[in-house]
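With full-length UniProt numbering, the residue at position 262 of the sequence shown is 262, and numbering never jumps.
It is worth saying that the hints were derived from the structure and are not from the lab. All residues carry an ideal CB built from backbone N, CA and C; glycine is no exception. Be aware that a few hints might be false.
[Unchecked claim] Simulated restraints, written as ranges between beta carbons of each label pair:
id, residue 1, residue 2, range
1, D361, E483, 48 to 54 Å
2, S256, P332, 23 to 29 Å
3, S256, A148, 46 to 52 Å
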Amino acid sequence: MPDDVVDLRAFERLVAEARLTARQDVARTSQLLGKALQLWRGPALSNVASEVIREVELPRLEEARLSATEARIEADLALGKHVELIGDLERLVSSHPFRERLYCQLMLALYRSGRRGEALHAYQRCRDVLVAELGMEPGPELRGLLRAMLDDDASLRLAPAGQEVTVKAIAPIPSQLPRVVADFTGRTGELDRLESFLKSDGGNDGDGDPAHGPVALIAGMPGVGKSTLAIRAAWSARHRYYEGQIFAELRGSTASPADPGEVLAGILVAFGLDRRVLPVDLAERQQLYRSYVAGRRVLVVLDDARNEAQVRPLLCAGPGSATIITSRSMLPALESARRLDLGALSVQESIELLTKIVGADRVAAEPEAAATIVRLTGNLPLAIRIAGASLAARPRWPLARLAARLADDKRRVAELVIGDLSVADAFHPSYLALDHQCQMVFRFLGRLRQRTIGSALVGAFMQLDAAAAESLVDRLAQANLIEVTRYDQDGQIWFTLPVLLRDYARERLAVIDSAPRRLLAAGDRG
């Protein structure tokens with residue numbers, strides 16, 4: 001077993017032991033954390049060759065190291081070692097200027113050393129950095145410490161010798177983000193937009209101050225890569241949200257969507273709260289969550305949201321947090337969300353993704369077949385991944401063989417299945433979520449061969465007036481099952497149906513059309 005792995009396990013074991021002793025034996029806590037930190041002899045995972053592993057694991061390990069360092073300093077402050085800590089703390093705040101807890105500890109060490117003016121100056125230094133770099137004020141813990149120092153609060157003084165002292169238990173810092181897929185491809189513009197969204201202020205309370213952190217919503221058709229993009233964006237931004245990264249699966253596209261109250265319970269437990277003491281009432285649980293997260297640098301990813309009602313209780317309060325939501329719906333009634341409507345990959349990105357999965361040699365040997373495959377999959381990431389996995393599992397298959405199989409539009413959707421990945425399974429929940437009229441229209445669209453369709457044709461088929469037909473088309477657009485291309489001056493909506501959704505709609509039409517025949521056949525057999 002590599003030395004890095006051995007050291008990591010020893011470090012985690014010592015930190016866990018220190019967490020258990022934090023409220024009973026401060027000296028023992030300091031000793032254990034000191035031993036744990038001595039195991040760090042340079043950069044983490046320096047002996048690990050895989051860049052992917054280092055990219056994924058290094059931020060988590062560095063956060064664990066910093067958290068243990070803060071806990072050891074807090075224990076040493078409780079033991080009266082404030083003078084000895086000042087030099088280390090000055091170096092730490094210089095290396096980690098957004099780490100407010102380190103500034104709190106530096107201020108307290110200076111204050112207890114009789115350097116009250118320097119303690120107040122440390123607060124101002126922290127505030128200057130936060131305002132200049134992040135556009136935000138210090139959090140409630142730092143502001144509360146400043147007020148206590150200005151009032152010479154007795155609680156800041158060191159406990160007398162012989163009096164029992166304790167330190168705060170080492171609260172866990174959740175790091176729940178799933179791994180980034182190794183063959184992530186493209187989406188440079190979308191990642192830039194999400195980065196911009198997450199740096200924005202979010203809502204305003206009327207006085208110009210941010211009332212909550214930014215909320216980014218990624219919406220798009222099934223299989224377009226919403227979750228993959230959200231996870232990649234979250235990993236890129238996680239260094240700013242060092243007090244926790246939460247990933248919650250809302251299961252909105254399934255028959256059993258997650259209950260917001262249970263999701264809140266899971267988040268609070270991840271932050272170290274005891275599930276047994278959580279309030280039962282949703283509103284009270286929501287208040288506890290917002291109070292706990294307020295002032296903390298926390299990133300929450302809410303994956304596969306069903307509707308606005310499921311999401312609202314899960315939004316963070318306070319400017320230090322941020323939320324990324326993925327949904328098949330645009331969630332139009334969700335307040336203050338910055339929306340990104342995610343489309344299919346470009347042709348170049350699609351070829352690049354197929355190449356990463358199948359191998360450059362096979363794609364270079366059959367470039368025309370590769371281009372045909374991505375065209376017939378509609379440049380949909382899920383479909384390309386399935387096609388690539390099918391080829392990777394059959395190394396002797398020519399790409400042209402799969403291209404020929406995909407050319408049969410009556411079999412195309414059925415062909416795009418491998419393991420637990422299925423285009424039809426991805427589409428089906430969105431179809432089932434439609435009302436009866438929208439299902440009828442969706443199946444009707446599968447019959448049509450023209451690429452661009454107008455709402456007037458939908459109205460003629462359903463025998464509806466223009467307004468009612470446009471409402472139907474709009475509902476399909478909100479579900480991301482069609483792509484609106486333009487609106488006429490007379491109000492008609494023009495749209496397209498992506499190739500695989502058209503194939504799936506035709507498949508559903510065949511199922512419905514064959515149902516009476518199956519019933520008659522069953523009756524004949526009876």
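Do the hints match the structure? See the list:
no.: 1; hint: D361 x E483: 48 to 54 Å; in the structure: 35 Å, violated
no.: 2; hint: S256 x P332: 23 to 29 Å; in the structure: 24 Å, holds
no.: 3; hint: S256 x A148: 46 to 52 Å; in the structure: 48 Å, holds
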